[in-house]
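Going down the list, the sequences are from chains A and B.
Letter 154 of the first sequence, counting from 1, is numbered 154 in the UniProt record's numbering, and no numbers are missing.
Letter 64 of the second sequence, counting from 1, is numbered 64 in the UniProt record's numbering, and no numbers are missing.
Calculated from the structure, these hints are not laboratory results.
Among the hints, erroneous ones may be present.
It does not matter which identical chain is meant; a pair holds if it fits inside one copy or across any two.
[As the list claims (entries may be wrong)] Computed cross-link-like contacts, BS3-like style, restricted to lysine-lysine with a CA-CA straight-line distance of at most 30 Å:
| # | residue 1 | residue 2 |
| --- | --- | --- |
| 1 | K19 | K36 |
| 2 | K19 | K57 |
| 3 | K248 | K90 |
| 4 | K19 | K225 |
| 5 | K167 | K228 |
| 6 | K278 | K57 |
| 7 | K225 | K169 |
| 8 | K57 | K248 |
| 9 | K41 | K169 |
| 10 | K157 | K228 |
| 11 | K157 | K225 |
| 12 | K278 | K64 |
| 13 | K19 | K41 |
| 14 | K225 | K90 |
| 15 | K278 | K167 |
| 16 | K64 | K225 |
| 17 | K19 | K72 |
2 protein chains.
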Amino acid sequence: MATKIDEEQLMNDMLCRVKAVNNMPHDIRATLLDFKVDGYKVGKVRPGIAEMLCNMKTSVFELKQEDDSKKKSYLTLTSDAGTSSEERTKAVGTVMNQLRDEGFVKGWRDELFPVSENFYSPPVFLMERAAVTVLGVLEYGVHINGIVQESRQDEPKMWIGRRSATKSKFPGMLDHIVAGGQPSGISLIDNVVKECEEEAGIEESIVRAGVQSVGAISYENWDPKSDKLTRAVQFTYDLYLPPDFEPKPVDGEVQGFMLWTMDQVKESMAMDYADPIKPNCYVVIIDYLIRTGQISPDSNGFLDILRELRSGDCQ
Amino acid sequence: MATKIDEEQLMNDMLCRVKAVNNMPHDIRATLLDFKVDGYKVGKVRPGIAEMLCNMKTSVFELKQEDDSKKKSYLTLTSDAGTSSEERTKAVGTVMNQLRDEGFVKGWRDELFPVSENFYSPPVFLMERAAVTVLGVLEYGVHINGIVQESRQDEPKMWIGRRSATKSKFPGMLDHIVAGGQPSGISLIDNVVKECEEEAGIEESIVRAGVQSVGAISYENWDPKSDKLTRAVQFTYDLYLPPDFEPKPVDGEVQGFMLWTMDQVKESMAMDYADPIKPNCYVVIIDYLIRTGQISPDSNGFLDILRELRSGDCQ
Numbered sequence: 001m002a003t004k005i006d007e008e009q010l011m012n013d014m015l016c017r018v019k020a021v022n023n024m025p026h027d028i029r030a031t032l033l034d035f036k037v038d039g040y041k042v043g044k045v046r047p048g049i050a051e052m053l054c055n056m057k058t059s060v061f062e063l064k065q066e067d068d069s070k071k072k073s074y075l076t077l078t079s080d081a082g083t084s085s086e087e088r089t090k091a092v093g094t095v096m097n098q099l100r101d102e103g104f105v106k107g108w109r110d111e112l113f114p115v116s117e118n119f120y121s122p123p124v125f126l127m128e129r130a131a132v133t134v135l136g137v138l139e140y141g142v143h144i145n146g147i148v149q150e151s152r153q154d155e156p157k158m159w160i161g162r163r164s165a166t167k168s169k170f171p172g173m174l175d176h177i178v179a180g181g182q183p184s185g186i187s188l189i190d191n192v193v194k195e196c197e198e199e200a201g202i203e204e205s206i207v208r209a210g211v212q213s214v215g216a217i218s219y220e221n222w223d224p225k226s227d228k229l230t231r232a233v234q235f236t237y238d239l240y241l242p243p244d245f246e247p248k249p250v251d252g253e254v255q256g257f258m259l260w261t262m263d264q265v266k267e268s269m270a271m272d273y274a275d276p277i278k279p280n281c282y283v284v285i286i287d288y289l290i291r292t293g294q295i296s297p298d299s300n301g302f303l304d305i306l307r308e309l310r311s312g313d314c315q
Numbered sequence: 001m002a003t004k005i006d007e008e009q010l011m012n013d014m015l016c017r018v019k020a021v022n023n024m025p026h027d028i029r030a031t032l033l034d035f036k037v038d039g040y041k042v043g044k045v046r047p048g049i050a051e052m053l054c055n056m057k058t059s060v061f062e063l064k065q066e067d068d069s070k071k072k073s074y075l076t077l078t079s080d081a082g083t084s085s086e087e088r089t090k091a092v093g094t095v096m097n098q099l100r101d102e103g104f105v106k107g108w109r110d111e112l113f114p115v116s117e118n119f120y121s122p123p124v125f126l127m128e129r130a131a132v133t134v135l136g137v138l139e140y141g142v143h144i145n146g147i148v149q150e151s152r153q154d155e156p157k158m159w160i161g162r163r164s165a166t167k168s169k170f171p172g173m174l175d176h177i178v179a180g181g182q183p184s185g186i187s188l189i190d191n192v193v194k195e196c197e198e199e200a201g202i203e204e205s206i207v208r209a210g211v212q213s214v215g216a217i218s219y220e221n222w223d224p225k226s227d228k229l230t231r232a233v234q235f236t237y238d239l240y241l242p243p244d245f246e247p248k249p250v251d252g253e254v255q256g257f258m259l260w261t262m263d264q265v266k267e268s269m270a271m272d273y274a275d276p277i278k279p280n281c282y283v284v285i286i287d288y289l290i291r292t293g294q295i296s297p298d299s300n301g302f303l304d305i306l307r308e309l310r311s312g313d314c315q
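Excised from the complex, chain A in its bound form (with noise of 0.2 Å):
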């Protein structure tokens, strides 16, 4: 089934995979502006979107000069916006509900994320998952690699997903076994449990023997038509599922499941390849290859990905 893979080709693919999640130009990156609250950098904001923020009928926001020499302006709330996050949950809904109603943030979803200055802080507040990129609020998830492996010496094989075709985003496209935002007041590893039950039906005892934690990947990048920023940071996991289990999509979120080869998760990597995975899974597919010994660094190429691989590190 599988073709002879060209592998200085496969490098180049690998690397456009990278770039086309983690886009981030110099020039923009220089433009941003924190996005601040009691201090702490929550977001990044491009100069127009905080003017617009700012001039809004219903604007808790506002630009203020940083205190170095280099008076470089920051986006913060206004202390109409309160103290608390509760009241700074619902001053910035406020706005946020308006920018849907301009048809400036698409694909509401009803889902509170919360803003916090690192993973491991306490929210500053929350605010709807589908407006976080108005604010460059950086979102966490989970990604799981789901791997048939009985031992070091047999060839991996990964379980790839179909999206769901009534999914609002990438609907019917390939996808990982698993994956999913990172709700609050759940640990990762819980949300990994929980996930892998209703996506895929793989239940608890499967999961837990089976599932290793392998780092994270992220990436930012700039839409150059909304001027949003996406940042995002993936928690990674390696689920080694015995041979004889097939997952079976539970919640409709997905619609089916097949098992590859490690050729053919290479050969997908082609940018002209017709029924390509969902784009930020290649990010997450391209750091197991190279975890796994799947990509040799003798290859010309392999210290670029890496690179790549590692220039959005979302602070």
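Dock chain B against chain A, hints included.
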């Protein structure tokens, strides 16, 4: 033998261990000049070192202005250095010999190291290995985690070597089972095989059966005493060894080996640990602990360590 390890303390210690090797303050980074040959960036230097090099009697160095509007300077070779790799090797060698005679370059090894735009490009010249920190040239090496773990369910153990008391650098200190610089003209994997045989008596068939490339780590260090820059990329490998195999010192670089549990590895991270491992090994080991799920991403500080690990990406 192992005492219970405090998770919070461990995360702090690991962060300190990474920072100890990957130490490039922002204000120092901002002052660095590129060292260019034929328009390629091949190193970085502090302004004081650049000035010293240009003012030496035998100098073949000069400062030039960047073409762009920022008018920043860069260090390059004069036309007196010639245009071929051979001529430049000789010209730069004369300068480095003088710096050795003046005591500025220590630990001379009579080993020529390739200077190139990137790892996969042919060298623009060669220079004495002990002198590469003068020009902030990127050094490449291989580091091997020697692992005993029969199946994924087993707790892994790691072989730790003790360096010979007569080594010029870090004599008598704990070390990886095998590590070494990457010479030109040999592939990384062949170098791994060669070093494993020479340093630890691991025969080729055992290496090839158990070795897996797992990526690379990089670090940049500024030495405030000498103003020199250490910049390195270490290609990393996990070598799974049979449980009944014992590494043996062969070439006298190592005096002995011991097999540690992961608890012992983690205990040795403490900044006041009496008999620590060679500093750059900690960075490779922390990467191993993260990749193999020995540290939970639910632990506060996990992302700080990951970010710090990836900050010295050594372009």
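Which numbered hints fail: Hint check: 2, 3, 6, 8, 10, 11 and 12 fail, others pass.
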